[in-house]
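Colleague: Each chain, written out:
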Amino acid sequence: MEEADKTPLSLIDRLKLKAVTQKSYGGALVEQEAKLTVRNCPNCGAGRAKDEGLTICAYCDFEFLSVRLTDGITIKKENNSN
Amino acid sequence: MFNLSKNVEIEKVIDEVHTTKDRFFVFLQKLEIRLKEFAEEALPELTDLNKNDPDGNKLGFYRMKSSVEGQLDSIVQKARDVFEEKKNYFEGKIEHEHRSLYYDFRNQCLDGLQKLEITRNYYKNQIEGTDSQDYEMVYQAILEEYDSIKNNFNCVQCSSPILIDKIYFTTTYLSCAACFTQNTFEPSSQTKQLEHVGRSLAEQRTAHLLQEYKEQSKLASVIFSKKHELEMSLAGENLKDVIVQKTKIIQELTAQNEAVEKELPILYERYLRTLFDHWNAINPTMKNEHEKFYTRLLKENYYI
Numbered sequence: 001m002e003e004a005d006k007t008p009l010s011l012i013d014r015l016k017l018k019a020v021t022q023k024s025y026g027g028a029l030v031e032q033e034a035k036l037t038v039r040n041c042p043n044c045g046a047g048r049a050k051d052e053g054l055t056i057c058a059y060c061d062f063e064f065l066s067v068r069l070t071d072g073i074t075i076k077k078e079n080n081s082n
Numbered sequence: 083m084f085n086l087s088k089n090v091e092i093e094k095v096i097d098e099v100h101t102t103k104d105r106f107f108v109f110l111q112k113l114e115i116r117l118k119e120f121a122e123e124a125l126p127e128l129t130d131l132n133k134n135d136p137d138g139n140k141l142g143f144y145r146m147k148s149s150v151e152g153q154l155d156s157i158v159q160k161a162r163d164v165f166e167e168k169k170n171y172f173e174g175k176i177e178h179e180h181r182s183l184y185y186d187f188r189n190q191c192l193d194g195l196q197k198l199e200i201t202r203n204y205y206k207n208q209i210e211g212t213d214s215q216d217y218e219m220v221y222q223a224i225l226e227e228y229d230s231i232k233n234n235f236n237c238v239q240c241s242s243p244i245l246i247d248k249i250y251f252t253t254t255y256l257s258c259a260a261c262f263t264q265n266t267f268e269p270s271s272q273t274k275q276l277e278h279v280g281r282s283l284a285e286q287r288t289a290h291l292l293q294e295y296k297e298q299s300k301l302a303s304v305i306f307s308k309k310h311e312l313e314m315s316l317a318g319e320n321l322k323d324v325i326v327q328k329t330k331i332i333q334e335l336t337a338q339n340e341a342v343e344k345e346l347p348i349l350y351e352r353y354l355r356t357l358f359d360h361w362n363a364i365n366p367t368m369k370n371e372h373e374k375f376y377t378r379l380l381k382e383n384y385y386i
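Residue numbers (this note's numbering), protein chains in the order written: chain P, 1 to 82; chain Y, 83 to 386.
Do not rely on the hints blindly, as some may be mistaken.
Derived coverage of chain P by chain Y (criterion: at least 3 residues anywhere in the stretch with Cβ under 8 Å from a Cβ of chain Y; other residues may be distant) [said to hold, decoys possible]: (1) 16 to 25; (2) 34 to 40; (3) 55 to 66; (4) 69 to 80.
Straight line, CA to CA, 30 Å or less: simulated BS3-like cross-link-like pairs of lysine-lysine [as the list claims (entries may be wrong)]: (5) Y/K328 <-> P/K77; (6) P/K18 <-> Y/K322; (7) Y/K88 <-> Y/K169; (8) Y/K374 <-> P/K77; (9) Y/K369 <-> P/K77; (10) Y/K133 <-> P/K6; (11) Y/K232 <-> P/K50; (12) Y/K296 <-> P/K77; (13) Y/K88 <-> Y/K118; (14) Y/K160 <-> Y/K88; (15) Y/K322 <-> Y/K308; (16) P/K6 <-> Y/K118; (17) P/K50 <-> Y/K248; (18) Y/K248 <-> Y/K118; (19) P/K23 <-> Y/K322; (20) P/K35 <-> Y/K140; (21) Y/K369 <-> P/K35; (22) Y/K133 <-> P/K18; (23) Y/K248 <-> Y/K322; (24) Y/K206 <-> P/K23; (25) P/K35 <-> Y/K112; (26) P/K18 <-> Y/K160; (27) Y/K197 <-> Y/K308; (28) P/K35 <-> Y/K308; (29) P/K50 <-> Y/K369; (30) P/K50 <-> Y/K274; (31) P/K18 <-> Y/K118; (32) Y/K232 <-> Y/K300; (33) P/K76 <-> Y/K369; (34) Y/K232 <-> P/K76; (35) P/K18 <-> Y/K206; (36) Y/K197 <-> Y/K328; (37) Y/K133 <-> P/K23; (38) Y/K274 <-> Y/K369; (39) Y/K274 <-> P/K23.
Derived by calculation from the structure, the hints in this document are not laboratory data.
All C-beta atoms in this analysis are idealised placements derived from N, C-alpha and C, irrespective of residue type, glycine included.
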């Protein structure tokens with residue numbers, strides 16, 4: 001039995017072993033379910049209302065996002081707060 | 083005396099060319115056996131890994147596929163390196179009056195090398211065939227998941243129902259109709275793959291059109307090769323009858339080639355349009371981006 005364990009792996013086996021055991025960049029794929037969350041203002045607790053834009057809290061001017069939004073797939077530049 | 087020593091030297095070179103050619107063909111034969119053995123051993127392993135890869139994105143399979151393809155390429159590269167080395171060696175050694183000896187050596191070795199490349203390409207196609215996934219099933223799973231979850235969400239702020247009005251494949255802000263709070267909807271890992279699945283599925287659905295285009299393309303190249311061969315043979319031809327006969331065939335082949343070449347962009351455009359129509363139907367959110375990609379592909383391939 002010990003003899004069999006010492007048999008060197010073939011090139012194909014080595015390639016397969018390396019391919020399977022190599023760690024993926026960013027880690028292994030974690031399956032996640034769809035979810036819904038909100039981000040309330042950490043300063044005053046108010047929710048983010050669409051009409052007021054997404055970047056600044058309409059009540060206390062807390063800055064949610066420090067970038068100016070540009071047109072993307074679902075976010076548009078109109079979503080910037082005034 | 084001078085001529086005698088030169089003749090001896092030429093004899094030596096001729097001998098060296100023949101020996102090198104024989105050795106090169108033995109070397110090619112050995113490489114071909116090794117390539118076949120390796121590929122035949124790899125094919126069942128790849129099929130097995132494709133079915134049983136523990137990674138959700140089958141990264142293990144793709145890594146192994148790349149490494150197997152790399153091994154096949156390196157075998158051919160080895161042969162090509164030796165060929166280039168020997169070719170360059172004799173190119174400088176064989177003098178002008180014996181040039182045909184060099185050309186024969188080069189052409190025969192190149193033919194042998196091309197045979198090895200054909201074998202490599204055959205196995206590469208076989209390896210490509212192990213990468214099989216039914217994308218219809220994956221897409222169906224995404225559709226079913228959407229149907230089952232679209233009414234399941236409530237606003238986190240006020241608990242009013244929020245309808246997921248279409249399949250979102252990226253994280254999206256959804257506004258609550260009651261309190262106007264922006265809720266952040268994050269799709270499942272499966273739905274996030276929609277854009278990639280969409281392309282692969284569209285390619286799978288239109289594979290027959292691509293095949294049709296490829297066959298036409300192959301036909302064009304076969305006709306062109308025949309025509310070119312005949313044109314080359316005219317250079318050394320003295321018999322008038324033969325020249326007339328060959329010229330006639332060349333004209334026919336030219337007409338055939340033109341007809342086939344004319345069909346090529348039409349077939350390609352039909353394939354590409356159908357592919358992108360399918361992709362747009364699967365993921366309409368990205369329609370504008372798809373169309374830009376479509377235009378670029380068409381321009382790159384046919385300057386239309």
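Colleague: For Y/K206 and P/K23, compute the direct alpha-carbon distance and say whether it is at most 30 Å.
Modeller: 26 Å, holds
Colleague: Hey, P/K35 versus Y/K140, does the alpha-carbon distance stay inside 30 Å?
Modeller: 25 Å, holds
Colleague: Measure nothing beyond the straight line between the CA atoms of P/K50 and Y/K248; if it is 30 Å or shorter, mark the hint as holding.
Modeller: Cα-Cα ~19 Å, so holds.
Colleague: Is the hinted pair Y/K248 and Y/K322 satisfied, with a Cα-Cα distance of at most 30 Å?
Modeller: 74 Å, violated
Colleague: Given the proposed pairing of P/K35 with Y/K308, does the C-alpha separation stay at or below 30 Å?
Modeller: 63 Å, violated
Colleague: Checking one constraint from the list: CA of Y/K322 to CA of Y/K308, max 30 Å. Satisfied?
Modeller: Holds, because 20 Å separates the two Cα atoms, which is no more than 30 Å.
Colleague: Starting from Y/K197, check that the Cα of Y/K308 is at most 30 Å away, please.
Modeller: Distance ~19 Å between Y/K197 and Y/K308 Cα, so the pair holds.
Colleague: For the pair supplied as a hint, Y/K133 and P/K23, is the alpha-carbon distance within the 30 Å limit?
Modeller: The given pair, whose Cα atoms are some 20 Å apart, holds under the 30 Å limit.
Colleague: State whether the coverage of the segment 69 to 80 of chain P by chain Y holds or is violated, taking the criterion as 3 or more residues with Cβ-Cβ distances under 8 Å.
Modeller: holds (count 4)
Colleague: Against the 30 Å threshold, does the CA-CA distance of Y/K88 and Y/K169 hold or violate the hint?
Modeller: It holds: about 22 Å lies between the C-alpha atoms, which stays within 30 Å.
Colleague: Assess, step by step, whether the Cα of Y/K232 is no farther than 30 Å from the Cα of Y/K300, and give holds or violated.
Modeller: Distance of about 48 Å is beyond 30 Å: violated.
Colleague: Does P/K50 sit within 30 Å of Y/K232, going by the straight-line distance between their CA atoms?
Modeller: Given pair Y/K232, P/K50 holds - Cα atoms ~21 Å apart, limit 30 Å.
When each numbered hint is compared with the structure, violations occur for hints 3, 5, 6, 12, 13, 14, 18, 19, 23, 25, 28, 32.
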